[in-house]
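Participant: Single-letter residue listing:
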Amino acid sequence: MSRFIFSFGIFFLIWLGFTSSFHYQEVIVGAFLSLILAFLSYKSFTERGLFYLNPKRLFYIIKYLAVFTIALVKANFDVARRVINPKLPINPGIVTYHTSLKSDTAKMFLANSITLTPGTLTVDVIDDKLYIHWIDVISEDPETIYNEIGKDFEEILKEIFR
Amino acid sequence: MIYIYAAFIILAVFFAVLRGLLGPTTSDRVVALDNLTTISTAGLVLLGFVFQRFIYIDVSLIYGVLSFVGVLTIARYLEGGL
Amino acid sequence: MIYYITSILLVLIGMYAVLVKKNLIKIVIGLSIVDNGIHLLLIAIGYVKNGTAPIFSKAGLQPNQMVDPVPQALVLTAIVIGLAVTAVALSLIIRLYDHHKTLNINKIRKLKW
Amino acid sequence: MSWLMIIVVVLSVVLIIAALFAVYQKDLLLAVIGTSAVSVVLSVLFYILQAPDVALTEAAIGVALTTIIFVITIKKTKRFEE
Amino acid sequence: MSPVHFIAVPLFAAFLIPLIGKVSKELVKIIPGIVLLYLSYLSISLFPIGVNRPIVEIIAGFNPPFGITLYYGPIAAFLTTLITLVGFVIWLYSYKFIIREPTEKYYMLFMMLITGSTGIVLTGDIFNLFVFFEITSIAAYSLTAFLRDRDGAEAAFKYLLIGSFASTFFLLAIAIIYANIHTLNLADIASKIKDIPLTTRLFILILIIIGLGIESEMFPLNGWAPDAYSQAPSPVGAVFGGIVVKAAIYSLMRIIFLMFHTADVLHFLVVMGVITLLIAEMSAMKQQQIKRMLAFSSIGQMGLVIIAFGVGTEPSVRAAMFQMFNHALIKSLLFFAAGYLVFHSGSKKISALDGLGHDKPITSFFFAFGALAIIGLPPFSGFWSKLYILLSVADAGLMVPVVLILISSIIEAVYYLRVVSRLYFYKEEATDVRRTPVSGLVAMGILTVVILIVGFYPNLILHWMTPAANDLLDKAAYIKFGLFH
Amino acid sequence: MILNILGNVLITIGVIFLFLGALGIFRMPDVYSRMQAGTKATTLGALSTVIGVGILQPEWFWKTLLIAIFIAISNPISSHALARGSHKIGIKPFMKKEGLDSYENVSIEEEK
Amino acid sequence: MRKVIAILLLIIIGYYSIDTILKIPFGEGVKGVGKHYLESTIKETGAVNSVTAIVVSYRGFDTLGEVTVLFLAATGLGAILYDKKGKKRSLQNASLIVKTSSKIIYPLIALLGAYVFVHGHLTPGGGFQGGAIIATGVLLMFISYRSFETNHKALSIIESLAGMTFVTIGFAGLIYGTSFLQNILPFGIPGELFSAGIIPLIYVAVGFKVGAELTALLDNLLKTIK
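Chains as they are written, first to last, in the working numbering: chain A, 1 to 162; chain B, 1001 to 1082; chain C, 2001 to 2113; chain D, 3001 to 3082; chain E, 4001 to 4485; chain F, 5001 to 5112; chain G, 6001 to 6226.
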């Protein structure tokens, strides 16, 4: 039930975003469509439902967004640096990253975040191992990899999906 | 202002197309295509702003969604899925 | 003007592919390029300088600043028809490939071409 | 020449290049990527020609569906032209 | 009671069939028959009205040239009647002939083919014509490839290639027309066509002749036809010969007479018709397969019709219409008979038909009957139409075509009689014990009876041809009715 | 006024990064590095352009935000799928030192 | 040889078409039928989007034909690729990221499709585009999950019912109005969601139909024959 309400809410919000209008007809049709869609797909859409709306989790979600944005901007300046000056030392390679996250959604967010942060690109996720293409492999030590690549995200995501 | 935007976008399209033409492997070209669609998505929003029509934004939205599926299909083909 | 020339060039490139290429899928690609060229031509015909889309979504839009909606409606129909034809053609290709194990038009010569 | 005109010229050139690429490429998958690029650029051109309806349709059908059915067919048959 | 039923009802049936298919497979087979029966009834009851005064049916409540109109004039009345009747007979024949799965899809495609053909005949809007053309052709492509054990896919691909090329040209022509005179209604275009510069008009004419000529099997554009006819299931061959080509040729002639009615164009048509006729008959002579032979013969007959239209006088157009009517019936009969002959002999070759006349007397009789009718021997109906065409062409002073038509008739007689003689005068032990189903025989019987009746009383049909011919020739009336109803 | 400047600045940044992304895929040495440059720079570029437009035109904001969110989700995914695909068809990453490819011997496990 | 002939042919075609087309004035005001449509769209159909008004109302018959063409393509594909032995998709596993994300994105794409076809008379888009978007969403699931199956029976029932709805709306116009496909509902206030008479109804039917058809088409194409 909580999953159903959660998906309905998300769909409805997105509908409002699509129409950008609070005209009563739009709202009615939107609610109706969201209801049908939520009924059809709530099982696959979300694993946990309303669980994400816990204030503590909301706080972490906001924190996650902030960290993510900063990382994205940093990553871009990194890219800019490399693009403008391709002579910079690089040492590309694919490394294994062990994650302790359990939920699939969490892993997906972690992988996407890693892709968008400086110098890394997720190639595959198998069980709890992420294979990451790293443009400048500093070391192959799992501890260093963990700290360098995904520590910030993983800690926050752990809180969100706990 | 608009000239600067246009210049940058044209240059971006130029390099993406160049990579698409040169790209030694298939993946390179698909990356170029993906890039081209992303540039177009942003460019369409900008153009919509220039034309001052709100409804044009819809096109951009759908563009983003569908080109994503297209690229994903090609990627799945490459990895032997599909 | 540039639209007209571009569209005709597209049509010609597509027709070249259809007439010269031996590969079945290439031929269908050529057909779809020809279609695209004609669609561009139609839309360019309907364009009006400094016009805007024929959608009265906000106040103050006058019909005389709008581009011609008719070619757009025609192109919508034509695009869908093009998709249908492409789909049928590709399914035929799949069947031909199952039968002959080749996509080369010269090797599928049970019937005279 | 206004900035829009320059963009249109660039896009037209890209369009022709992509079409030629699609026709001349021996690898059918790349040819399909070429047609996809043709559709992408074409849809931007439709947008500039103030036809959002058509641009949307081209995005939905040209960029996504046509590409996808071509890719599926290639998967079912053969990727390289003899 | 309005002409829109001709399009909407079969379409509704096509949409309905999958639903019915969930309930009963047998019902799926019956529904097209019911629909076609209703349409035949409708066409016969609307016929006298349409002949007296064209019915212009407005779609969606917008007056022409803004909305789409259906123009149900004498010629359209005649052709819809022909299409629905032939369609009904073809359904009757298919009832037992199409046993291969997926039958449901066969009937859906068949219904949509009928929709498309009637649409081509009825519509009064050039882009709508294009849409119906596409419906017809896509249905035809799929039906050509319907049987899996033949080279149907190859023939269908060839057909599709040529067909899409044609439709591209047609679309280009529509684009140019719209760009110049900003209208799509046929009557409106006809009244404004003079505003287009001459060279542009010429280019449009060429595009349209290529675009529509392909479906009407005009000479350099008919490469698809023999393969498609021979690889498709027999009833589908009958559909092509009896329905699709007729609709296509009508639309071509309608556009030419409305927009480009000049002496030069008509002469060009005569020349094309003669070339089509001669080449087709020569090729038919050489064929080893019976259905390919029928296909070439069909192309030849279309050449004859094009010549008659090209002469452009009232008697010649009348004769052309009559010939179209005869050809639709006789060619369907021939395809039906050939279908079962091929089925019984187990081979598509003409040489495999030896002695079937003794083994399968009824089917063979129908084939022989059709062959004699299409050659144009009295008292069959084919005789009259050929005679009228010859007379009208001679009246117009075109002696060379007359001679060539006569020569081609002799060629035609030779190759048809060759098949008939093989059927009856060669002895061979036949072992096939399968019977021709009753529904097939009934279908052939109906056609035979109609051919005989028309053969004895040609005025029965010819009487209605005069308004039809006038309808085609009288551009002013078309514009008047089409625009201001 | 401030919104106006902010929006224009965002768009400018976005456009520059779009350009840099394209330049990146042009100049980088191998597919994976190109993907990295392409994904990151175009994602930020598109995000910032789109949001910039949303700020300039306040009633468009929600829709542009949706586009931005969608781009942020979909871009890395397609990039990842492409990287995986490239590796599967045997495109080796450019490496200075041998043996840094820990993904080399991992095969796709079958779906249960 | 074939190349030379083709190029010669193309040069001829190209010359004449360029010659013809360059005579067409570019960008000079709307004339003829188009002008009338622009001036009277709101008055005569109640739709804000003239293109939609033309597609569904003025030239609604074309749209019926268009729907038929797509239906025909789906049917024809089914007939051409028919196989008695039943068919199965062969898919390798997608990666976890793709799987998880397509689960999340798929309903959103469906919602977007629904948005597009419900708002056909107000914004760009309409039934075809909406249907195509929904089918693309389903395709996303097809390529991510090997076990994802659509209910064929339901699809074909949706297809049939939607098609019949379209024709029935047409006949309703014939019975309660004066002509086939005529608008028999009130126009409402232009710009609102519930306006423009039968246009939204037709577009919803078309959307469902196109979505179901394209899904069936893709499904048919994805399944191997062996």
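Since the hints were derived computationally from the structure, they do not count as laboratory data.
As the structure is a computational prediction, the values presented were derived from the model and not from experiment.
Incorrect hints may have been included.
Claimed, not checked - Straight-line C-alpha distance at most 20 Å; calculated DMTMM-like pairs for lysine to aspartate or glutamate: (1) G:Lys6153 x E:Glu4101; (2) C:Lys2101 x E:Asp4149; (3) G:Lys6099 x A:Glu155; (4) A:Lys87 x F:Glu5059; (5) C:Lys2101 x E:Asp4151.
Stated by the list, open to error - Footprint (simulated), chain F over chain A, 3 or more residues, beta carbon under 8 Å: (6) 24 to 31; (7) 52 to 64; (8) 67 to 76; (9) 86 to 98; (10) 143 to 154.
Glycine included, every Cβ here is placed at the ideal spot set by N, Cα and C.
Participant: Next step is simple, just say for each hint if it's right about the structure.
Facilitator: Structure-based check of each hint:
no.: 1; hint: G:Lys6153 x E:Glu4101; in the structure: holds, 17 Å
no.: 2; hint: C:Lys2101 x E:Asp4149; in the structure: holds, 16 Å
no.: 3; hint: G:Lys6099 x A:Glu155; in the structure: violated, 23 Å
no.: 4; hint: A:Lys87 x F:Glu5059; in the structure: violated, 45 Å
no.: 5; hint: C:Lys2101 x E:Asp4151; in the structure: holds, 14 Å
no.: 6; hint: 24 to 31; in the structure: violated (count 0)
no.: 7; hint: 52 to 64; in the structure: violated (count 0)
no.: 8; hint: 67 to 76; in the structure: holds (count 4)
no.: 9; hint: 86 to 98; in the structure: holds (count 8)
no.: 10; hint: 143 to 154; in the structure: violated (count 0)
Checked against the numbered hints above, the structure violates hints 3, 4, 6, 7 and 10; every other hint is satisfied.
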